[in-house]
Each structure stands twice: as C-alpha cells, then as structure tokens.
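Please build the complex by placing chains B, C, D and E with the ligands on the supplied structure of chain A, with the hints as guidance.
Chains as they are written, first to last, in the numbering used here: chain A, 1 to 253; chain B, 254 to 538; chain C, 539 to 765; chain D, 766 to 1156; chain E, 1157 to 1547.
Hints should not be assumed to be uniformly reliable.
[Unchecked claim] Mimicking DSS-like on lysine-lysine, the simulated pairs with C-alpha atoms at most 30 Å apart in a straight line are:
{"hint": "1", "chain 1": "B", "residue 1": "K349", "chain 2": "B", "residue 2": "K491"}
{"hint": "2", "chain 1": "E", "residue 1": "K1373", "chain 2": "D", "residue 2": "K1025"}
{"hint": "3", "chain 1": "D", "residue 1": "K982", "chain 2": "E", "residue 2": "K1518"}
{"hint": "4", "chain 1": "E", "residue 1": "K1373", "chain 2": "E", "residue 2": "K1518"}
{"hint": "5", "chain 1": "B", "residue 1": "K264", "chain 2": "B", "residue 2": "K485"}
{"hint": "6", "chain 1": "B", "residue 1": "K286", "chain 2": "B", "residue 2": "K504"}
{"hint": "7", "chain 1": "B", "residue 1": "K485", "chain 2": "B", "residue 2": "K504"}
{"hint": "8", "chain 1": "B", "residue 1": "K330", "chain 2": "B", "residue 2": "K260"}
{"hint": "9", "chain 1": "D", "residue 1": "K982", "chain 2": "E", "residue 2": "K1416"}
{"hint": "10", "chain 1": "E", "residue 1": "K1373", "chain 2": "D", "residue 2": "K982"}
{"hint": "11", "chain 1": "B", "residue 1": "K466", "chain 2": "B", "residue 2": "K504"}
{"hint": "12", "chain 1": "B", "residue 1": "K286", "chain 2": "B", "residue 2": "K466"}
Just so you know, these hints were derived from the structure itself, not from any lab.
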Amino acid sequence: MDVLTATLAWLLDPIHWSGPDGIPTRIAEHLAISIVSLAAAGLVALPVGAIIGHTGRGGTLAVNLANLGRAVPSYAVLVIVLPPALQLAPTLGYEPSLGLSEIPTFTAMFLLAIPPILVNTYGGLREVDRDLVEAARGMGMRERQILFRLEAPLAMPVIVGGIRTSAVQVVATATLGAVVAYGGLGRYIVDGIARNENDRLFAGVVLVAGLALAAEGLLALVQRLLSPRGLPSAGEHAFRNLAEVPAPPAFLP
Amino acid sequence: GTGGGSKPTIKIGSDGFYESQLVAEMYAQVLEKAGYTVERSLALGARKVTSPALEGGQIDLKPEYIGSGLGYYDASKPSGDADANAAALQEILSGKGGGITVLDYSPGEDTNAFVVRPDTAAKFSLTTMSDLAAVQDELTWGLPPECETNPLCAGALTDTYGIDFPPANLEALAACDAPIAEALQNGAVDVAELCSTQPAIAQFGFVVLEDDKQTQPAENLAPIVRNDFLAKLSSSDKTAFEKLLNDVSAKLTTEVLTELGVEVAVNQKDVADVARDFLTEQGLL
Amino acid sequence: MRPGEPLLDVAWIADHLDDIAFRLGQHVLIAVIAVAVGLAISMALALWARRAPWLRGPVTGIAGVLYTIPSLALFAALLPFTGLTLLTAEIPLVLYTLLILFRNIMAGFDGVPADVAEAADGMGYRSAERLLQIELPLAVPLIIAGVRLASVSTIGLVMIVSLLGKNLGGLGVFITEGIQTFFATKVYVGAALSVALAIAIDLLLVWLERRATPWSRARAARAVAAD
Amino acid sequence: MTLVGRPGIAATVAFDRVTKRYPGTARDHPGAVEDLSLEVPAGRICVLVGPSGCGKTTSLKMVNRLIEPTSGRILIDGADAAARDVTELRRSIGYVIQQVGLFPHQTIGENVATVPRLLGWAVARRRERSEELLALVGLDPATYRDRYPAQLSGGERQRVGVARALAADPPVMLMDEPFGAVDPIVRERLQNEFLRLQADLAKTILFVTHDIDEAIKIGDLVAVMQVGGHLAQFGTPDEILANPASDFVARFVGADRGLKRLALSRIESLELRPAVTAMVGDDAAAARARILADPFEFLLLLDADNRPLGWIGERDVPEDGLLEPAMASPTSPQLDRRTTLKDALAMLIDAEVQVGIVVDRKGALRGLVTVDMITAWAHASTDRAGPVVIS
Amino acid sequence: MTLVGRPGIAATVAFDRVTKRYPGTARDHPGAVEDLSLEVPAGRICVLVGPSGCGKTTSLKMVNRLIEPTSGRILIDGADAAARDVTELRRSIGYVIQQVGLFPHQTIGENVATVPRLLGWAVARRRERSEELLALVGLDPATYRDRYPAQLSGGERQRVGVARALAADPPVMLMDEPFGAVDPIVRERLQNEFLRLQADLAKTILFVTHDIDEAIKIGDLVAVMQVGGHLAQFGTPDEILANPASDFVARFVGADRGLKRLALSRIESLELRPAVTAMVGDDAAAARARILADPFEFLLLLDADNRPLGWIGERDVPEDGLLEPAMASPTSPQLDRRTTLKDALAMLIDAEVQVGIVVDRKGALRGLVTVDMITAWAHASTDRAGPVVIS
Ligand SMILES: Nc1ncnc2c1ncn2[C@@H]1O[C@H](COP(=O)(O)OP(=O)(O)OP(=O)(O)O)[C@@H](O)[C@H]1O
Ligand SMILES: Nc1ncnc2c1ncn2[C@@H]1O[C@H](COP(=O)(O)OP(=O)(O)OP(=O)(O)O)[C@@H](O)[C@H]1O
Ligand SMILES: [Mg+2]
Ligand SMILES: [Mg+2]
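Chain A with its partners taken away, still in its complex shape (with noise of 0.2 Å):
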C-alpha cells in the first residue's frame, strides 16, 4: 500500500514535471520513438498487407511468419541490433549515439509493430465478401479501384485494429530503450530498479500503463470514426493471429 502511496506522491510532486528528466520530456521522447517505429511499420505493412490481400496470395506464409515472430523477444533484437548499429556508424557517418540508441531502439519497435499492422491489413480486406468484389469487377471497376473504393473502406476498421493493436504493443515496449541510454519512459523504470526506487519504479509502471491506455482509447476512436456507416459494427471475433494480441512488455534484464 505505501508503495501506492509513495507512487502517487512522487507523480504529484512538481519537481518530476520539469527539466530533461520531467514527465514531459520523456512522454515526448517516448512517444517520438512509438509513433516513428509505428509510421515507418505501417509504410511497410499497410502495401504488403493489401496486396496480400487483395490477391488472396501469400497470405498464410505472412501470416505464420508474423504470428511466429513472437517467439524472438524484443530485447534480444535490441541486442542483437545493438553492435552493428554502433559499428556501422563510422561507415554511414551518422553520430555513435544514434547507434547506441535511438537505432536498436527503432528496430526492435519497428519490428515488433509490423505483424499486426500487417495481419490485419490483410485478414480484413479477404473478409470483405467476394460476391460484393465480384460485383464491383463486373461493373468495370479497375484492380485498385476495387482495392481504394470497396475492400479498403470495407476493411478499415480491422486494419486500424492492428495499428491499434500495434501502437498499444509499441508504446508498452518502448521502455525497453532505456536500456541503451534512450530516454522515454523506460527511465524511469529502469533507473527505479537501478536506484532501489519503488516510487519511481512504478510512477514509470502507471505512466506507461496510462499512456498505452490512451493510445488505445485514441485509436479506438479512430477506428469508429473511421468504420464505413451503414455497416452493423462486428462484435468481438475469436483471435485468428497472435498479432491480433498485443504482446505483453518486455521484461526488463
């Protein structure tokens, strides 16, 4: 209980709300380095996912190969990243610290915010009911206006699922960056257990937990926002794909 209480305390006290190491600065830092990884995984998905899906073709090998990523946790792609990225900083000239952080970083989010995006991108455009594409297809429809104009629209609440999906994965994993000197959120967990500090420590758990939170809530607004109206809105289908499932965070070594 006090533990609750110190938390509490030290997230009120002004002092925590200022400066390099205030809420502020590592909620931008933090949401900096989610919301990159998650564009850039949705660059690569989003395509892939609707061609996938909109041929039908190569979808199970993505899919498999999406669901099995899984098994390989975050912080060994961060480690694993880690020593390339530092030595390849001399050859493409970018500064050393980029290598230590922000790239492993990246990477490691990056990769961990492409199966949903990708799963579902193309899940959601193959239920869209054939006889309606085969409609479209008869009236003259061209390939990609089928694609923009019906499976898209059709589709969209389930592709902003993944991102959704994505994001709450991404902004939980993100503390991993902490570990190579990157800021975000992740400080103050990592730090909390470095120093013996359980109001730290779990000041970072809640803001965290708070912030996938409301990337969800965000985005599960999008999402209605952006589902088609005259559509009766799905209910809770059964998971298909593990990207369906935000990973848990994690663990921190």
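What follows is chains B, C, D and E with the ligands alone, placed relative to chain A:
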C-alpha cells in the same frame, strides 16, 4: 573436510552475472564435499529479486559485494574502506530477514573502474581519474542510472575529482553490462564505468584510469548467510561451515577473479567446471 | 560481438548439446504448464460467463490490463509470497494467456450455428447435455486456434522467467548469458530454438485439431469436390 | 420394418385461443399470433401457410414450447402441454426445421440416433434404429451412416433431418419449411417421398410452408394465416380452393384455384366414357357402320391385348377389307386412374384428338375422358355454399 | 425521363460455339458449358434456365468476361467481346446478381451512381441520374437516396440492384437470379415491375433463373440448359411448351405445360362468341323466342349501359311482360381482354354457368368465351411439327 552427523540442506543463490554465479558455485561445491545437500538458485536476475529472496528465506546463502550490497540499502554508506563496508553491511543485515551474517570477505575485489579507449587515453594523455576533469566536456560519459543518487559515483566525481554531474554528454548505461562495453568500444561513449575484473577490459584493451583519490567503494566478495540456517548447525559444524567459506574467500584475489572471469566469459567454460578446477587446484576439494 | 568471433560457434554448441536439450525441455515444460492452467481457468470463466453474460466485458477488460504490467514488477511483488518457485514463474505466464483463451472459447460458443442450437433444444437436450455434446465439440476448432496462439506467445514469454534464475529460465538463460558475456552464439541458439519450438508445437496442435475435428476435414473435402 | 411401420402412434394437437405477443412489441401492435384456435385430428397433416411474418413458426414453436404462449393452451391428446416436463415433452415430438440443424460434428448415424441416445437406448438398438430410418428415407445406411452432414447434398440432408425427427417414433411431428431450402426439382421428389412415408406412419404432423401449392399438395388440413397472426381460414384444401373465406385467402390461393382444385382429384373419380373400338383384323365394314352410327367421329383401334394403337377418323375407315395398325393416326395422351385431373386437362388441351385414353397397368383400355367431363365434374363437385367469389 | 426512357439502346448478343472447362476438372468430365451457340436479338430478354449446376452463371459471366471462355467467341453487336478492353466492356454491360452486391458502406444514391462515377460524370449529373432511376424502379428518391443498404428490405434491395445496373444506360444487361432471394409474393411483384420497365427500355437482357415459371413469364426467348452445360432447347416460351425438344425438357417444363402455354395468351387472341342478349325492359316474349331458337340455353340480361346483369335460363324467360333485373340468376366470371387464357379456364371451370363474359373497361359486354373455345384455340395454335410427346 569433515563429516559428522547429518547436515541440513542449504539453498545457495547468486546475482545474475557470471562472477557472482562462479563464487556461489564455489561455495556450493565445498559445502557439498562437506556433506551438505545444496539447492542452487543461481543467476537471479536482479537485486530486486535476490534481496527479497534472501530476506524471505528463499535462499540461505549468497556471495555479496560488500560495497554495492551496502549501497542497495543505503547509498550514502559505502566507502573505500573494506572493513567499514563489511561492518556497516553486517549492521544493516542483522536487522533483515531475522538476521543475516556476513562472513570473511575476499582479499580480491571487483570494484567500479572508469575506463577509456586507448586512443582516447593517448589523445588526452589520461592515466588517472584526476586527468579527466580538464577534458570532461570533450568526452561522452557512460554512467549507470543510479549514478546520480550514488555518492560513490556522482558524489565522488564532483566532490573529489571536480567533474560536474551530470556531465555535458551523458549516456545512462548500466555498469559492467554488455551495452556499455559495446558503446565504449564503438565510440558511442568515451568514458565508461565498468567492473575492474570484467574480461571486456582485457578483450578490447581498454585503459583503466587509476582511482588516484580512492573514491570507489571496497567491493570485496563476502558470503552472507541467514542466521536461522546457522542456528540449525551444531556449534562444531557451524565453525566448520564458516571456515569452509572463509577459506574460499581467502583464495579470491583480484587476479584470480579476473582470470576465472576470462575462463567463463571469454572461453565460454561452464561456471561449474571453472569453479571445480580452481578449487581442486587450490586443494579445497 | 567479440572481435574475430565466428557468427556461430559450432564447437560450443557441440559441447553443450545436453545443456541445450535440458533448457529446451525446461522451456517446453514451463510453457505447457502455463497454457494448460490458463486453458483450465479460461474455460471455467467462459462457462461462467455463458450463464452470466455481463461477466464477459469485465473479464476481457481485466485480462487486457494485465498485459501492461511488466513481469519484473510482478515477480518482485510475488516473491515474498510464492518464493523462487515454479509457481512464481507460471503466474505471469498464465495471466498472459487468459485474454487469448477466454476470448476464443467465448467466440467458439457464439459460433454454434443458430439452427443447430435450435434443433438441440427442440429435441429436448438439457442445458448440460447441450453444452457437453453440442457446443463444446463445435467450439473445438476455435479453442484450439486459441491454444495455438497462446502457446507460441508463451514460448516467447518464457524468457522473462530467466529473471528467476537458471533453475527456471529455459532457453531465456542462453539469451541473457549470451548478452552478458558478449557471446552471440548463445543468443542465436536461444532465439532460434524458441522459434523452432514454436513451430513444432504449432504443427502438433494443428495435427491434434485435425484428429479432434474429423467433420471439418469432411467439409474441406466437399468444398474441394464442389469446385 | 419393426417400429417404423407401426402406424397410429399419433396424438391430437389442439390450439385453444392461443396468443403470442413478443416482449417489446407495442401494445396496440398485433401479436405474432392472435387468438389461434384449431384442432388437428390424430394421424393427419395440418399445414400452416401464409405470407412471411404471419406467425407460422411462432405457432409451431409453441407446441414444443421453444416459445411459451402469452395466453391460451395447447393440448396434446387433451393434455395441456404447459403442464408436462418440457424436456420429456420435446423428446416426444419430432422437430424438423428448414436449415435442418444437423449436428455437423456427428456422423449421419449419430445424428439420426440423437433422441434415442438422449432416451438412453442401448447402443445396438440405436444403431439398428438409425439404419432402419435411413433406409426408410431412401438413404443406403452402408453408404451414408458414417458420413458427416457436410458431405451430403441439400436434399440428402433434409431426408436425414426427417429420419432424425422420426427416431423415437414420436406421436407428433413439427416441420418448419422442411423443403424450403432445396431447389424445385428435388423439392418435388422430397414431397412425394414424404407423402408415401406418411401413408405408412400416420403421424400427426404440423407442417409450415409459405408455398400454397405445397400446402395443397401435402395437407389433409390447411390453416391459412394472415400477417398479424390471424387464422384466415382452416379447412381441407378442397374447401379452401372452392370457397375462399375472404379476399385475402382468394388472392393468396391465386386466380387459378379452379385448376389447383383439379390437382386434388384423379381420373378414378370420373365416370369414364366408353369408346367405340375395333380390333386389328376386324372386318372394316362392320366397324365403319358402328362408328358412323355414333356421334363421336373417331374409331379407336386396339391390338389383341386391348392396348390402344390410335384413332381412325370415321371417314377413313375402309369400306371393306380388314383393319390394320397402319390405319391408326396419331394417338392421344394415355392416362391412368392416378393421373390428376389437372394434368389430364393439361394433356388434353395439348393433344390432337382432345380425348384422353385411360388405360390400366397393362396398358389395356379402360375408357375415355374428355375436357367436358372434367369441367362438368368440377362444376358438380363445387358445393355452392355462398356465391362464387370472382377474383 | 431523359435518358431512361430512351429505348433501343440495345445490342445483339451471340454465343458462338462457346465452351468453358474449369481447370482441375477431369478431361473426360463435361465442361461447365459445352459448345453453346445462341443469338439474342437486340432489345429482347433471353432467359437461361436449368437445374442447379447446369452452367447458367458460367455462361452469363463469360459475357462480361468475369470468366474467360475456354474456346468459342461471344459477339456483342457482332464484335468479339474478347477483343474489347475488359473494363470498358464491363462498364457498358449492366450486371445484377442474386446477392445483389450493393456496397454496404455507400448510400443507395451512391450505389446507384457507381458506374457513372467510374465514367467520370459530373456530380450534379450523377445525382440527377440516380434519383431518376430510383423513381423508375419505384423507390421515392427523397426517402431512399441517403439510406444504407442494411436499412432496406430484400425486395427494395433488388430494385436498387436493378437501378444500379441501369445507371449508365447499358445496351446489355446480365441478371443472375435477380429475384431468387425474395419470397414468392414480393418476387411476383418485382417480375411485373421488371416487365413494365423493359417495355420502356427495351434492353438486351440475359436473365438466369432455375424457375421455369419465371422463365416463361419473363423471357422473349428461353434457353433450357442441361447439367453438363448443354443447350437442351432454345426458343420462345410457346415453342418450348408446345414442342419440348427432349424428354429432359418435357420433364423440366412439367406435365402441365399445356396449361402453362395458356398463360402465355390472352382473351384478346380469341374470336369471341356473340351472346344472345336482352335489355332490362325489353319485351320478354320476343327475347324468349330468340333464345329458344338458339342452341345455347341461357339469355344474358344487360342493363341500359350494356353491362351484364346475369343469366336467365331459356325456360325461365317469362312468356309475356317485360324483363326485370330480378330475373337474372348467378353470374359467371367476368373477364377482360388482358385476362390470360389459363386464368380464364380456371375461372370457367369454377363457375356455375361455365361461360365467361368478356367486358371492356367500362364493364360493357364484348362477347362470350367458353372452355371449348379455349381448348380449340390451344389445339389450333399448336404447330404440329413432329408427333406430340406424351409424358
Ligand atoms: N424473437 C422475436 N422477437 C420479436 N418479434 C419476433 C420474434 N420472432 C418473430 N417475431 C415477429 O413475429 C412475427 C411472426 O414471426 P414468425 O417467425 O412466426 O413468422 P413466419 O410466419 O414464420 O415468417 P416466415 O415465413 O418468414 O418464417 C413477425 O412479425 C416477426 O417479426
Ligand atoms: N470456379 C469454379 N471452379 C470449378 N468448377 C466450377 C466453378 N464454378 C462453377 N463450377 C462448376 O461448373 C458447373 C456450372 O456452374 P454454374 O455456377 O454455372 O451453375 P449454375 O447453373 O449457375 O448453378 P446454380 O443454379 O446453382 O447457380 C457446376 O458443376 C459447378 O460445380
Ligand atoms: Mg418461419
Ligand atoms: Mg448460378
């Protein structure tokens, strides 16, 4: 070693990293030879796990670094004086988990070492930590997250060596860990806090800056054991038990720790084998 | 990682086959227990939620929130009570399976075709008979789908248990040690094996599903025949 | 046929002022079923027919209490269904629905044996029973017993559904559009099989459809329902076709109800008319004399076994010599006693000589039928209660 | 009606030895469509009818190249469809499927304007067009334009589907069981509206159904297909009913095809027979004399406007005095020129005096029709190519 009567079962734990495991393994082997049944819980991930485990009686015995062990409970206490640290630690532990005893600590230690790459050393001609103050802003520092709150880190750097904390360029990286060594080797940081026995130092040929003003805590290794376990032993057994462990401690010089570290971490020998070979060679088995 | 280290140190692997085998086995054991217990709990919850539909929302919600608790914090909190035991290791793993399993079991029940349910009622099935003889069997495909996902997910998560030391860490121990000692081979072996394990268990479950649901194969067969 | 054939395991079913209002429907809004009263004698088929939403399914489901009436009673052999244990009640009532509802995870054999299993019959008896029933509905047990529903065609599934409903030899069967989902050709066949079956079993059957033709074909009694759950008319198909009780019924049964009525009766119900005939090899002159004397101007030539060969126009009968098959010109439709008057009329209208030749099984002549005879019969058989409604 | 009414935007559609084998089906196994050749003149409705699986849908989809033929050509206005740009081709062909395939995320208005949007029409023109079309299919634009498909009944959706297919005024329309999913009553109405529509539009329409009655009702031409993709018979409904080309066709069109034929013709095609009539207030004696002289033994009493009041049996005509309405006894069915012969026959069979009274719009007498006249007409109109097939 002696037998004599049935010996109780002892649960031995260790911290996550290999050196702690190695020493714990040594304790285990000598005790087994003496007829104790040993349950190992090695490589417990973090103090967050080990400390509750020991206090809660999940383990009876573990090797402890008297400096950071003390710091975990009171960051202001640890000093460069081993006896002082041991005493302070004993004082605190007596009140924990129904009483915990700190046995003799090893001559050797694995203390915090501030190291730089050879090229940096050459460029700024660095040999001691006092040399750092002048060039502090030209360097990127790799310091552990707890440094800020740790008198032996931030405190020592500012008060003793006149280095501002936080430094102009700081990367927060856990000491002695993989990322910080990688970062140092690849120039993401120029000064890093490692552990003096860490094989990486040898591997990458890092230069250890002499702690010329003795600020770093004495980090000698001592067996710490729960009193309720000791209570199970007849007085004769108790003396024998403590002697066994103290004998091991006695053999652990800094050089030994470093060598054995290389065996485990570089040559990838198994902790158990390395421990056995060493103990046999020292005639403790 | 170490200068001049081969990407994969085959010699080390050769010397440590027994160790690897042991870790693998441990990994499987921990994962299987977690999924089995998770399944039992989820099934109980699902059956309850079938009688009391209002439960459905809360259960799903709570299962979702559990996902944002870092396991280290969970362990630290559990240790004083459950100690350095398998129990401590399993609790987070089990909690993490609930969301998947509960939701799929419920979906499985929902998926029973209305006409089948009506026919069952019309022929005088009692509620329990209907559950055991009609609804459960028909839910099997979705339930197994859930178990597959939960298994793969859990296999990835067993890594977190290495926080509790070598005795419980499974393949995670290789990864943590490899990282500590700059030894890539261990990391690769740990990661690769858990992926392989995931595939193996997935295939096993697929096979199991086929055995358990001959009728769905019949359907597939006809679908092929149809066109 | 051990159990199966056993006829007369049947019960009367009576609706006594039954009303069903679904919760949430407005007070004033009519119920799904309003004040329905009707009685189905044991062993008869009563068809509930009406437009979509008129309350057919609701009425049916109130019998096995899948839906409980808002008011009124349903009596089975005089006993109030509401008073019986619902499980026991349902197990004593066969139930067939449009989507069939076969259990996809059970083999056909297991599906058919469902109720026996619930009733705790021994395995051997169950197997025997389900094979017996599969055979009964025309599915070879050896072939189908171990298949799964997904491996059957729509029509085959419907048969299995019927077999399953019959399994425990229930006195009452409820069938909700059992043939609604299959295409017209299969449907026709299923209807015929069903009637053949019922001829043996004589169950009491409540049968829902929205196809008036099916209702007329299947039903001993037809209850025409009207949206709002009102019973518009209840009677035999013939009564309903002859005297629709309201404009709604008249429109619902269709403008051609006169013809539909003809489909209810068969040649056997007509007084056949004798033909002027002659055998191959008879003396032509005599035959010519006979046919000229007769108002009807075609002579019917028969072979040695009295099988019609065709007509000879009276003027074409040779004045001498013998009659030969070659002389006979195109034939008319051949009918038998079972041909419905509607089909007979259809064929006659189509034929060259608009006279139907009725033959027996061996193809031997039994008599003639003409359009006039059919129309006359229709006229006579219409009981003239009330004026004819002109649609 | 700007575009809408514009008739004659129609093209001929011809199948030239078209065969389709789906990949994976065995060599020997017959294709889905085998060597199909037929030609549909511009502005006509050709119905493809046949049992399930006979290749109807496949044939249809080859026209807008959703399926490419294995061999053979499909010519639209003589041009090979395979040679045209597939998108442009499809946009010039209206397409309606059983599941309707309305886009659930678009309003009715947007749905209808789909092809115009693809063709890049201006917004205003699109809106105008879709409102015009909604009105055309009997849906008030103001009410329906902004609704979503989920908010419509099955019948309404079907109408929207038709409207959408008509949007760009395509010369050819393909309709695959467009009314298959709606219940019989709604279906009847949709069929009638559809025919009314086609009377204005005169499109070339390929229409798939498996209901022979729908085929006969809708089609100018009917192509009966047989499983294996063979064309069993191609001709006008009347030809097919009169002379089924094979046993299969005969069975498929049904034993009562003679009556079905009667449904194709109307009273107007009969030579009406004059009635012996008298006006209210005429001298009874004179009337009695006339009717006794006539072989037909009923006198038809008319009012001042020539509207039939009813029959008086010849013996019941008073020997003196004046004729009064009260004397007329029950009436017969009243028919008009548009009544089908089938309905007429049905009513006559049902009626007391089996003579139909044909009246004009004002109800004034135009003549009489009897069962004999109808059967005689059927007889005469049957062209006697080949002997009658007896089913
Ligand atoms: N569960 C229900 N709740 C509310 N209203 C219902 C329910 N089931 C049926 N109704 C309404 O009751 C009326 C009768 O329904 P019912 O299903 O008995 O009609 P039906 O004659 O079987 O129609 P169909 O031929 O389409 O099956 C309809 O207006 C329907 O909308
Ligand atoms: N995509 C396909 N691949 C293989 N075979 C097919 C395919 N589509 C249809 N067939 C087969 O081709 C034959 C004709 O199919 P088609 O759909 O044209 O029949 P149909 O007359 O439209 O039947 P229905 O009345 O049931 O719609 C059938 O035997 C069907 O099984
Ligand atoms: Mg119904
Ligand atoms: Mg079709």
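Exercise for the section: Measure nothing beyond the straight line between the CA atoms of K286(B) and K466(B); if it is 30 Å or shorter, mark the hint as holding. Expected result: The hint is violated at about 43 Å.
Practice task
Measure nothing beyond the straight line between the CA atoms of K485(B) and K504(B); if it is 30 Å or shorter, mark the hint as holding.
Solution key: The hint holds at about 27 Å.
Problem - Hint consistency between K1373(E) and K1518(E) [alpha-carbon to alpha-carbon, up to 30 Å] - result: Distance ~28 Å between K1373(E) and K1518(E) Cα, so the pair holds.
Problem - Hinted pair K982(D) and K1416(E), Cα distance within 30 Å - result: Holds, because 19 Å separates the two Cα atoms, which is no more than 30 Å.
Problem - Straight-line alpha-carbon gap K349(B) to K491(B), limit 30 Å - result: Roughly 20 Å between the alpha carbons, so the hint for K349(B) and K491(B) holds.
Practice task
Take the C-alpha atoms of K1373(E) and K982(D), compute the straight-line distance between them, and say whether it is at most 30 Å.
Solution key: holds, 23 Å
Exercise for the section: With a cut-off of 30 Å on the C-alpha distance, tell me whether K264(B) and K485(B) pass. Expected result: Within the cut-off at roughly 13 Å; holds.
Problem - Hinted pair K1373(E) and K1025(D), Cα distance within 30 Å - result: Distance ~19 Å between K1373(E) and K1025(D) Cα, so the pair holds.
Exercise for the section: Verify the proposed pairing of K286(B) with K504(B), using a straight-line Cα cut of 30 Å. Expected result: Holds: K286(B) and K504(B) sit about 18 Å apart, inside 30 Å.
Exercise for the section: For the pair supplied as a hint, K982(D) and K1518(E), confirm whether the alpha-carbon distance does not exceed 30 Å. Expected result: violated, 39 Å
Problem - Distance restraint between K330(B) and K260(B), which requires alpha-carbon spacing of 30 Å or less - result: Since the Cα atoms of K330(B) and K260(B) sit roughly 37 Å apart, the hinted pair is violated (cutoff 30 Å).
Practice task
Verify the proposed pairing of K466(B) with K504(B), using a straight-line Cα cut of 30 Å.
Solution key: It holds: about 27 Å lies between the C-alpha atoms, which stays within 30 Å.
Of the numbered hints given earlier, the model fails hints 3, 8 and 12; all others are met.
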